Amino acid sequence: MNFANAFTPERLQEAWECLLTEFPFAIWETLYSTLLATFFAIVIGLPLGVLLVTGESKGIRPLPRPVMSFLNVLINLLRSVPFIILMVMIIPLTRAVVGTSVGTLASVVPLTVAAFPFIARLVESSLREVNPNIIEAAQSMGASPWQIVTRVMLPESVPSLITNFTLAITTIMGYTAMSGAVGGGGLGKLALSYGYQRYRFAVLYLAVIVLVIITQVIQSFGTWLARKSDKRLKEK
Amino acid sequence: MIELRNLSKLFTTIDGPVDALKHINLKIEKGDIYGIIGMSGAGKSTLVRCINMLERPTEGTVLMDGVDLGSLNKKQIQEARRRITMIFQSFNLLMQRTCLENVMLPLKLAHVPTAQARQKAMELLETVGLPNKANSYPAQLSGGQQQRVAIARALATEPNVLLCDEATSALDPKTTHAILELIRDINRKMGITVIVITHQMSVVQEICNKVAILENGEVVEEGEVSEVFSNPRTNATRNLIYPEMTEGIEMFSRGGQHLRVIFNGAVTEPLIAKMAMECGIAASIIGASTRSVGDRAYGYMLLDIPGTPEDLARAITYISAVPDVKVQVEAEYNAEEADV
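Just so you know, the protein sequences line up as chains G and D, in that order.
If you're matching positions, the first sequence starts at 1 in this note's numbering and goes up one per residue.
If you're matching positions, the second sequence starts at 1 in this note's numbering and goes up one per residue.
Where hints are given, some of them may not hold.
Claimed, not checked - Only pairs whose alpha carbons sit at most 27 Å apart, straight line, appear in this in silico DSS-like list of lysine-lysine:
| id | chain 1 | residue 1 | chain 2 | residue 2 |
| --- | --- | --- | --- | --- |
| 1 | G | Lys58 | D | Lys75 |
| 2 | D | Lys75 | G | Lys228 |
| 3 | G | Lys228 | D | Lys108 |
| 4 | D | Lys120 | D | Lys108 |
Claimed, not checked - Which bits of chain G does chain D cover? Going by a derived footprint, with three or more residues having C-beta under 8 Å, they are:
| id | segment |
| --- | --- |
| 5 | 128-140 |
| 6 | 149-161 |
| 7 | 214-225 |
Because the hints were derived from the structure by calculation, they are not lab data.
Computed from a prediction, not measured in an experiment: that's the story for all the values here.
Ideal Cβ placement from N, Cα and C applies to all residues, glycine included.
One chain only, chain G, in its complex shape (with noise of 0.2 Å):
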C-alpha cells in the first residue's frame, strides 16, 4: 500500500469521474437499502417496542412473565450478534424471502434483521419517558389499553421518537456499508472493492465523505425535526 501515489493528479482525476459515473447510483443504493431497511425494521420493532413497556408486570396491559422473558432474550441475542456475522448467519433466510443473498435489495434482510431489535429497545426508551401521570389520567378517562397506546403514549413520545428513529437511520446506515463487504451495494461496496481492492484509495476516501455528509444532512433534519415537532418546547 502507498498512500502517497493514492493522491497524484492522475488519481485525483479518476476519483472524480468515478464522482460522477458511480457515485450518482451507489448513494442511490445506500439511501434505498437504509430506508427500506428502517421502514421494516419500525414495522417489526415498534410493536414490540410498545410491548416491551405495555406488557411488564406494572404496564398497562401485563402480559404472562415466559412472553416476556422471551422477548427480552430474543431482542438481547439478535443485538450481541455482530451485524457482519449475522448477515451471513441467516443467508437462508434471505434466499427464503428474496431469492437470493446477493446484492443491495437481498441486503435488506439482515439489516432489518440487525435493526428491528435495536428500534424496539428505542421506542421502549421513548415510550418509557411518556409521564405515568398522563397514563394513569388517561385511564382515569376510560381509556382501553390500545386507546393508552395509540393516543397518548405515542402520540406524546413523538420527539423522542424522532430523535431515536435519527439515530436508527445513521447506525443503519454504517450498517449498509459493512455489507458491502458480503454482496450488498451502495457506497461501502464502493469503497471496498473499488477504493480499498483495487487500491484507489481516493475513491475510498471520497465514498466515505459523502458518507459523512449524509449522516450530517439526516441528523441535521432529525434534530430539526425533533424540536419542531416538541410542543414543549414553544415560546409562549
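Starting from the known structure of chain G, arrange chain D on it as the hints suggest.
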C-alpha cells in the same frame, strides 16, 4: 350516591405488607362537595383511586348509585370512569396536544364523532374561561390555566362525580381560590358531586360541606365541616385544622388550668372581656383559631385560667351559659400522642 363500605387496601412492598386503607366507611350524597383531608401518607391518594378503581380495593365495596364498582368487568369500569372523572395536582394534560384536543380526548375515547366532540370541547373551554386558548399548547399556559383545561377535560363526558386529587396543591393562593370558585360553580350549576382530596385545611374550609379526616389509613372523624372544624375530637384533626394551636398548648402544657372553648355559631361578642369584668377572672388566651361566618363565630379558643379550682368552675359555669358555646377542661397535652 357514592358509598364506601368497609374499604381496605393492602400493598405488598419489599418491607412487607402496608395497610394503606383500613375499613373505610363513607357516604357521599349527591351534590356534596366532600373533603377528604389528611397528612401526606395518610392514604388519601389511594382512597380516591379506589373510588374509580384505578386501585382495586383489597376488601370492601365502592357503590355508585347502588352499583358495586368492584363487580364490573374492564369494559364496564371504563364506562363507569366516564361518570367519575378526575383532576390532578400536576394537571396531567397531554403536552403534545392543543388544549382543544386535550378536552376532546375523553370524547374521542368514547367514540364521539369529531365534529360533535369539537363543539362540546369549545363549550367547555368557554365554561372554564379559556375560549381563546383552544389552539394553545399546555406548555404555553400558566398552572391555573392548565388546571382549567383539565377541569374542562374532566367535564367532557358529563360526569356525575368529579374527583379532585390535590388539584390546587401546586397553585398559588390566588389561583387556588379561583380554581375552587370554578369547582364550586360546577357543583352548583351542573349538580356534579365533588370529592376533594387535600392536605390543605383552607381548601376544605373554602368549598366543602362535609369532611372526613384520614389518618394512617383510617377515617378518624367525619361530618359537616362546621361541626368537625369547631369541635375537633382527635389530635390528628386538631393538628390538621389548627396546626398553630398545638404549639400554643405545648408552651403552656406544664401546670395550670386550661379550658377549651368551642364556638359553634355563637353570636360574636367580647366573651373574655365580659368574663373578666363580671366574674373577675383574668383568663389569658393561649391560642385561638376562630373564624367568623357572618356575625357568628366558629372555631375554638384555649384559655389559661389563673387561680383556684373554684375559679375554674366559675369560668366553666359562666362560659357554658353562653348560647352555642361549649366548654371543656383541656387535659394535659400529650405531645407524643399528637405527633403524627
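Verification of the hints:
About 20 Å separates the Cα atoms of Lys58(G) and Lys75(D), which keeps this hinted pair within 27 Å; it holds. Our distance criterion of 27 Å between C-alpha atoms is broken by Lys75(D) and Lys228(G), whose separation comes to about 37 Å. In summary, the hint linking Lys228(G) to Lys108(D) is supported, as the alpha carbons are separated by about 26 Å, within the 27 Å threshold. At roughly 11 Å between alpha-carbon atoms, Lys120(D) and Lys108(D) fall within 27 Å of each other, so this suggested pair holds.
Residues of the segment 128-140 of chain G lying with their CB closer than 8 Å to a CB of chain D number 8, which satisfies the three-residue condition for coverage. Counting residues of the segment 149-161 of chain G whose beta carbon lies closer than 8 Å to any beta carbon of chain D gives 6, which reaches the threshold of three, so the coverage claim holds. Only residues whose C-beta sits within less than 8 Å of a C-beta in chain D count toward coverage, and the segment 214-225 of chain G has 0 of them, not enough to reach three; the restraint is violated.
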